[in-house]
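A.B. asks: Please build the complex by placing chain P on the supplied structure of chain G, with the hints as guidance.
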Amino acid sequence: MEIPENVKKRLSIPAEEHFYAGHTACQGCGAALGLRYVLKAYGKKTIFTIPACCSTIIAGAWPYNTLDANLFHTAFATTGAVMGGIEAALKARGFKVKGEDGVMVVGWAGDGGTADIGLQALSGFLERGHDAVYIMYDNEAYMNTGIQRSGSTPYGAWTTNTPGGKKHFLEKRHKKKVIDIVIAHEVPYAATASVAYPEDFIRKLKKARKIPGPSFIQLFAPCPTGWRSPTDKSIEIARLAVQTAYFPLFEYENGKYRINMPSTKKEPKPIEEFLKYQGRFKYMTKEDIEVLQEWVLHEWEKLKKLAEVFG
Amino acid sequence: MAEYKPIRKVVSGNYAAAYAAKHARVQVVAAYPITPQTSIIEKIAEFIANGEVENLQYVPVESEHSAMAACIGASAAGARVFTATAAQGLALMHEMLHWASGARLPIVMVNANRALAPPWSVWDEQTDSLAQRDTGWMQFYAENNQEVYDGVLMAFKVAETVNLPAMVIESAFILSHTYDVVEMIPQELVDEFLPPREPLYDLTDFEKSFSVGALATPADYYEFRYKEQKAMEEAKEVIREVGKEFGERFGRDYSGMIEPYRVEDADFVFMGMGSLMGTVKQAVDILRDEGYRVGALKVRWFRPFPKEELYEFAKEVGGIAVIDRNYSFGMEGILFTEAKGALYNTGARPLMKDYIVGLGGRDFTVNDVRKIAENMKTIMGKGELDVEVDWYHLKR
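Chains as they are written, first to last, in this note's numbering: chain G, 1110 to 1420; chain P, 7 to 402.
Isolated chain G, as found in the complex:
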C-alpha cells in the first residue's frame, strides 16, 4: 500500500514494512512486533543472525523467509560469534558496515540464547568490538521449547520446569541483569527498550546504527503463551513493566547513563499492576510479591543513582 507523503511525514515510526504478513508468531507476540520495528529501522540492507528461539519459526520454515532482509539461522550458543564472522567478512570484502548507509549486521536472540547458552559468545562479541547490533528480545523464558525458565525469568514466575504447586513455586531467583553484564564490557552503547514504546525503541536502534562498535539492546517482549496473559494485553503489560519500574527504560552511552521514562519523578506504580494480567504469577503469595517489589525498587533506586552520578 502506498502511503501519501504528507501522511508519512506525520508518522512517528517509518511506514515501510520489511516484515511480511503470514509469519507464524502467536497472537499478541512481542517478539514479532519487535522484529518488525527492527526491520523498519534498518531496512533490507541488513544481515540477521537468529539462533534457536521463537524467531527461528517466526522468520519462516524453509523455503520461506518472512523478513525482507537476509538471514542466517544458527546454533543456540553462537549469535555473537556468527555476527562477528559476518562483520569480518564484510570488512575483508570491502563493504561499508554500520553508519548511515552501511550494511547492518544484527543479532536477534531470545533471553535463553543470550542470558544463558549464548552469554559466552555475546561476551566475546562485545569485547572484540565488532561493528554490529545485538538485540536480546526478553520474554523471560525458553518459550520455543515449552516455557522453561531462563536466567532472565523473574522471581515467582511459573514455568514448566519451575512449576507452582500446592505448597511451593520453584522460581526463587531474581532475573539475571544481562544489561549490567553487557555494560561491564564498557561497550559504546547499550539500552533497554520495550515494544510498548516503539518510538523510543526505533530511536535507540537508529542511534546504535550510528555509534561505531558493538551495541546491545535488551527489548522487553511479552509472550501471552508463556505468561498466561490475554493476547490483547501484551502492550499494556509491557507498558506496566515500565511504569512499575520492573523493566525501566534507559541508555548507557560511553560511560553515561540516561533514563528514558515518561516521568522519573513520579513514584513507580505498585508491582501488582504489572503482575495482574499474567497467570504465570498466580502462585505468588502476598509475601512473595513483597520480595519482588523490594527487589524492583532496590534496582530502580540503583539505576536512578547511576543516572544521577554518571548522567
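Since the hints were made in silico from the structure, they are not lab data.
Mixed in with the good hints, there may be bad ones.
Once the Cα atoms are required to be at most 35 Å apart in a straight line, the calculated DSBU-like pairs of lysine-lysine come out as [stated by the list, open to error]: (1) P/Lys346 <-> P/Lys313; (2) P/Lys15 <-> G/Lys1200; (3) G/Lys1117 <-> G/Lys1414; (4) P/Lys214 <-> G/Lys1315; (5) P/Lys11 <-> P/Lys250; (6) G/Lys1275 <-> G/Lys1378; (7) G/Lys1413 <-> G/Lys1281; (8) G/Lys1281 <-> G/Lys1149; (9) G/Lys1378 <-> G/Lys1316; (10) G/Lys1414 <-> G/Lys1342; (11) P/Lys214 <-> G/Lys1316; (12) G/Lys1316 <-> G/Lys1395; (13) P/Lys11 <-> G/Lys1200; (14) P/Lys214 <-> G/Lys1118; (15) P/Lys236 <-> G/Lys1200; (16) G/Lys1153 <-> P/Lys214; (17) G/Lys1315 <-> G/Lys1374; (18) G/Lys1153 <-> P/Lys233; (19) G/Lys1154 <-> P/Lys377; (20) P/Lys377 <-> G/Lys1200; (21) G/Lys1414 <-> G/Lys1395; (22) G/Lys1200 <-> G/Lys1281; (23) P/Lys313 <-> G/Lys1154; (24) G/Lys1118 <-> G/Lys1154; (25) P/Lys49 <-> G/Lys1205; (26) P/Lys346 <-> G/Lys1200; (27) P/Lys377 <-> P/Lys346; (28) G/Lys1149 <-> P/Lys214; (29) P/Lys214 <-> G/Lys1154; (30) P/Lys214 <-> P/Lys236; (31) G/Lys1153 <-> G/Lys1286; (32) P/Lys214 <-> G/Lys1205; (33) G/Lys1153 <-> G/Lys1342; (34) P/Lys346 <-> P/Lys250; (35) G/Lys1117 <-> P/Lys214; (36) P/Lys236 <-> G/Lys1153; (37) G/Lys1200 <-> P/Lys313; (38) P/Lys236 <-> G/Lys1319.
Since the structure is predicted, the reported quantities are computational estimates derived from the model, not experimental observations.
C.D. replies: Below, chain P without anything else, positioned relative to chain G:
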C-alpha cells in the same frame, strides 16, 4: 602460465599450513589457540602484523565453538575462510561442524591430530578427527609438511567446487612442530590454480532477501541430506581432477585418493593414514631388500571414502595390515572398520588384520612395521587370523 619455480623453505607443518592459507588468499581467519595448532594462527597473525597480507580479517574468538561459528558467518557472507584446531577444540566444535556442512560452506580447517583427555595428552592420535567422520566434512590426511601445504591449497579448490567444508589433518608434533623442506608455490601460480571464491550464495546479496538454515520439515529435510551425499560423491571425481591438475602444474601428483607404494606383486600391504605412512614406506623399502614382498596403501582422503580405489588394490593382494592410530571403543580401529565395510560387497576378500599403534603419541618405528610384517607373514601362511585386532603396543 608462468614457469613453476618452487620456493623452498624449511618450515614446520604448522607454518606450512599458515603459508598455504596465506597463498590461498584467505579473507577471514577466526581461531582459538590450542596445542599443538597454536603456531598456525600465530604465524597468520604475524603475516597481518607485518603487512604481508591484504584484506585478511583475524577474529581472535573466545572458544573453538565460536571459532567455527564465526567461520560459518564469514563464509556465509562470501569470504574465503580458514581456521585450525586440535583434539579438545575439535570436539568442542563438533556441533558447528554440522552447521558448516549443512549450510554448504567451503571452510578449510587444519586439524593437528591429538589424543583426547582424560588422561591429558598433547601427542599424536587420529581419534579426534575420525570422531568427526559423520559431520559432512571432507578429510585429507597429510603424510608430511609438503602434503600439509599442498593439501590446504587443494582442499580450498575441492571445497569451493562441491560446496562442502574440508579438513586437512596433520600429526601433533610429528608434523606440526617438526621442520622440513617444503616447496612452496609462487603467489601468481597459486592464484592461477585457485581463483577467488564464487559463493553458492552470499548474504550480501540484498536483492533476493533469503534465509539460510531455516527449519525444514520432514517433507524436505531428507532431500537436503541426499544432496549433501551427492556432493560427497561428486567430490571424489573433483578430488582426482584437482589432484591431477596439481600434479601437472606443480609436479606433485595427487590424482589418487589412495596412494599406492610398491604394491606390485605384494603378498600383503600395510594400509594407514597420515604421518605414520612415512615410517611404513621406509620400512617397505627395507623389508623389500630383505625379501618380503610388501607394499603400502596410503589413504589420503578418508571422507569421501575411496571405496572404488580400495577395491582396485584389494582385489590384487592376499592380505592387508591396517595400521590404526585411533580407536572406536566397543569395536576396533576406525580405518579397519571402514575398509572392511567398503569391500564387503565387492568380492575382494584379502585377509585383513587391524594393528592399533601409537595412541597418545607413543613412538611408532620401522622396527614396529617389521614386527607387523612378521606377524602378517605367519597368519597368511596359516591362512587365518590369530586375533582380528592387535593392541600392538601394550606393555605386556
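A.B. asks: Look at each hint and say if it fits the structure.
C.D. replies: A quick look at each hint next to the structure:
For the suggested pair lysine 346 of chain P and lysine 313 of chain P, the alpha carbons sit about 10 Å apart, so the restraint of at most 35 Å is met. Pair hint lysine 15 of chain P plus lysine 1200 of chain G holds up; C-alpha atoms about 32 Å apart against a cutoff of 35 Å. Between lysine 1117 of chain G and lysine 1414 of chain G the alpha-carbon distance is near 39 Å, which puts this suggested pair outside the 35 Å criterion. A C-alpha spacing of about 24 Å is found between lysine 214 of chain P and lysine 1315 of chain G, which places the hinted pair at or below 35 Å, so the restraint holds.
Of the pairs offered as hints, the one joining lysine 11 of chain P and lysine 250 of chain P holds, with about 19 Å between alpha carbons and a cut-off of 35 Å not exceeded. Between lysine 1275 of chain G and lysine 1378 of chain G, the direct Cα distance comes to roughly 30 Å. Compliance with the 35 Å bound is thereby established for this hinted pair. Restraint check for lysine 1413 of chain G and lysine 1281 of chain G: the C-alpha separation of about 26 Å stays at or below 35 Å, so the hint holds. Taking the CA atoms of lysine 1281 of chain G and lysine 1149 of chain G, the gap is about 38 Å. The hint is violated against a cut of 35 Å.
A threshold of 35 Å between alpha carbons decides the hint, and for lysine 1378 of chain G with lysine 1316 of chain G the separation of about 29 Å falls inside it, so the pair holds. For the hint pairing lysine 1414 of chain G with lysine 1342 of chain G, the CA-to-CA distance comes to about 32 Å; that is within 35 Å, so the pair holds. Taking the CA atoms of lysine 214 of chain P and lysine 1316 of chain G, the gap is near 27 Å; set against the 35 Å cutoff, the hint holds. As the CA atoms of lysine 1316 of chain G and lysine 1395 of chain G are separated by approximately 41 Å, the hinted pair breaks the 35 Å bound.
With a C-alpha separation of about 34 Å, the suggested pair lysine 11 of chain P and lysine 1200 of chain G falls inside the 35 Å cut-off, and the hint holds. Between the alpha carbons of lysine 214 of chain P and lysine 1118 of chain G the distance comes to roughly 29 Å, so the proposed pair stays at or under 35 Å and holds. At most 35 Å may separate the alpha-carbon atoms for a hinted pair to count; lysine 236 of chain P and lysine 1200 of chain G meet this at roughly 34 Å. Simply put, lysine 1153 of chain G and lysine 214 of chain P have alpha-carbon atoms about 10 Å apart, close enough for the 35 Å limit, and the pair holds.
A hinted pair counts as satisfied when its Cα atoms are at most 35 Å apart, and lysine 1315 of chain G with lysine 1374 of chain G qualifies at roughly 27 Å. Of the pairs offered as hints, the one joining lysine 1153 of chain G and lysine 233 of chain P holds, with about 30 Å between alpha carbons and a cut-off of 35 Å not exceeded. For the given pair, lysine 1154 of chain G sits about 65 Å from lysine 377 of chain P by alpha-carbon distance, which is inconsistent with the 35 Å threshold. Among the hinted pairs, lysine 377 of chain P with lysine 1200 of chain G is inconsistent with the structure: their alpha-carbon atoms are about 56 Å apart, more than 35 Å.
Between lysine 1414 of chain G and lysine 1395 of chain G the CA atoms are separated by roughly 29 Å; this keeps the pair inside 35 Å, and the hint holds. Between lysine 1200 of chain G and lysine 1281 of chain G the alpha-carbon distance is near 45 Å, which puts this suggested pair outside the 35 Å criterion. Under the criterion of a C-alpha separation no larger than 35 Å, the hint pairing lysine 313 of chain P with lysine 1154 of chain G is inconsistent with the structure, at around 46 Å. Only pairs whose Cα atoms come within 35 Å are accepted, and lysine 1118 of chain G paired with lysine 1154 of chain G is accepted, the gap being roughly 23 Å.
Of the pairs offered as hints, the one joining lysine 49 of chain P and lysine 1205 of chain G holds, with about 28 Å between alpha carbons and a cut-off of 35 Å not exceeded. Restraint check: the Cα-Cα separation between lysine 346 of chain P and lysine 1200 of chain G comes to about 48 Å, which exceeds 35 Å; the hinted pair is violated. Distance restraint check for lysine 377 of chain P and lysine 346 of chain P: the Cα-Cα separation of roughly 23 Å lies within the 35 Å cut-off, and the hinted pair is therefore satisfied. Straight-line distance between C-alpha atoms of lysine 1149 of chain G and lysine 214 of chain P comes to about 18 Å, which keeps the hinted pair within the 35 Å bound.
Straight-line distance between C-alpha atoms of lysine 214 of chain P and lysine 1154 of chain G comes to about 11 Å, which keeps the hinted pair within the 35 Å bound. For the hint pairing lysine 214 of chain P with lysine 236 of chain P, the CA-to-CA distance comes to about 26 Å; that is within 35 Å, so the pair holds. At roughly 31 Å between alpha-carbon atoms, lysine 1153 of chain G and lysine 1286 of chain G fall within 35 Å of each other, so this suggested pair holds. Distance hint between lysine 214 of chain P and lysine 1205 of chain G is fulfilled; the C-alpha atoms sit about 19 Å from each other, no more than 35 Å.
Distance restraint check for lysine 1153 of chain G and lysine 1342 of chain G: the Cα-Cα separation of roughly 30 Å lies within the 35 Å cut-off, and the hinted pair is therefore satisfied. About 28 Å separates the Cα atoms of lysine 346 of chain P and lysine 250 of chain P, which keeps this hinted pair within 35 Å; it holds. For the given pair, lysine 1117 of chain G sits about 26 Å from lysine 214 of chain P by alpha-carbon distance, which is consistent with the 35 Å threshold. Our distance criterion of 35 Å between C-alpha atoms is met by lysine 236 of chain P and lysine 1153 of chain G, whose separation comes to about 34 Å.
Annotation: proposed proximity of lysine 1200 of chain G to lysine 313 of chain P is violated, straight-line Cα distance about 42 Å (limit 35 Å). Note on lysine 236 of chain P and lysine 1319 of chain G: the hinted pairing is violated, with a Cα-Cα distance of about 46 Å set against a maximum of 35 Å.
Consistency with the previously given hints fails for numbers 3, 8, 12, 19, 20, 22, 23, 26, 37 and 38, ordered from lowest to highest.
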